[in-house]
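Engineer: Letter by letter, the chains look like this.
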Amino acid sequence: AQSVTQPDIHITVSEGASLELRCNYSYGATPYLFWYVQSPGQGLQLLLKYFSGDTLVQGIKGFEAEFKRSQSSFNLRKPSVHWSDAAEYFCAVGATGGYQKVTFGIGTKLQVIP
Amino acid sequence: NAGVTQTPKFQVLKTGQSMTLQCAQDMNHNSMYWYRQDPGMGLRLIYYSASEGTTDKGEVPNGYNVSRLNKREFSLRLESAAPSQTSVYFCASSNSGTGGTDTQYFGPGTRLTVL
Numbered sequence: 001a002q003s004v005t006q007p008d009i010h011i012t013v014s015e016g017a018s019l020e021l022r023c024n025y026s027y028g029a030t031p032y033l034f035w036y037v038q039s040p041g042q043g044l045q046l047l048l049k050y051f052s053g054d055t056l057v058q059g060i061k062g063f064e065a066e067f068k069r070s071q072s073s074f075n076l077r078k079p080s081v082h083w084s085d086a087a088e089y090f091c092a093v094g095a096t097g098g099y100q101k102v103t104f105g106i107g108t109k110l111q112v113i114p
Numbered sequence: 001n002a003g004v005t006q007t008p009k010f011q012v013l014k015t016g017q018s019m020t021l022q023c024a025q026d027m028n029h030n031s032m033y034w035y036r037q038d039p040g041m042g043l044r045l046i047y048y049s050a051s052e053g054t055t056d057k058g059e060v061p062n063g064y065n066v067s068r069l070n071k072r073e074f075s076l077r078l079e080s081a082a083p084s085q086t087s088v089y090f091c092a093s094s095n096s097g098t099g100g101t102d103t104q105y106f107g108p109g110t111r112l113t114v115l
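Residue numbers (our numbering), protein chains in the order written: chain Z, 1 to 114; chain F, 1 to 115.
Bound-form chain Z, shown alone:
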């Protein structure tokens, strides 16, 4: 069974600073990887996803993530954070082969200070 670890529960950054949110996964084959964002009081929205090909994936709102197989990681990055990026971010891993569910991490809450 697959699993996801988000080691940082809460991160605070200054507006305009760069951001990196960590995600490590465990899965025996090539995973399907996702980052979702949840704004306060809202449901989750997909930021980006990786299935295969280029290991640097671009998403919405200026976010990108890099798949590193050797480190079992899929870290999310943004060069310059905006106050509107304050939200909770979830990394998720999906499996292939018949019907397989997606496993979500526990989330990282991002606070942006002016």
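Treat each hint with caution, since some may be false.
Derived pair list, reagent style DSBU-like, types lysine-lysine, alpha-carbon separation capped at 35 Å [claimed, not checked]: (1) Z/K68 / F/K14; (2) F/K71 / Z/K61; (3) F/K71 / Z/K49; (4) F/K57 / F/K71; (5) Z/K109 / F/K9; (6) F/K57 / F/K14; (7) F/K9 / F/K57; (8) Z/K109 / Z/K68; (9) Z/K49 / Z/K101; (10) Z/K101 / Z/K61; (11) Z/K61 / F/K9; (12) F/K14 / F/K71; (13) Z/K49 / F/K14; (14) Z/K101 / F/K9; (15) Z/K109 / Z/K61; (16) Z/K109 / Z/K49; (17) F/K14 / Z/K61; (18) F/K14 / Z/K101; (19) F/K57 / Z/K68; (20) F/K57 / Z/K109; (21) Z/K68 / Z/K101; (22) F/K57 / Z/K49; (23) Z/K68 / Z/K49; (24) Z/K49 / Z/K61; (25) F/K9 / F/K71; (26) F/K9 / Z/K68.
I should point out that these hints are in silico values taken from the structure, not numbers from a laboratory.
Since the structure of chain Z is provided, determine the placement of chain F on it from the hints.
Structural biologist: What follows is chain F alone, placed relative to chain Z:
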């Protein structure tokens, strides 16, 4: 195009009461899901429906039942609510019936408190 809608948005129940959470999607998606979100636990899958007419247990199904009423609608029922079921409940849908590889589209959630 409303996406995924959930009703109600908020609900307070007493222990032992029953209720049904409603979910509908207008994207013609095949798969639908119910999750619960608890602090420090992330999202945990309660039940899912890979396609119309099928439902299966997820990670935490105890105390819940579901009905895939048609392709659009997927309801979650609590027969006898317990304080441990206090949570935020999310419905989601995805296009294909293969779950693990699909982008999921989420509703706005239902905040349930059981006293």
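Engineer: Run through the hints listed earlier and report the numbers of any the structure violates, in increasing order.
Structural biologist: 1, 13, 17 and 26
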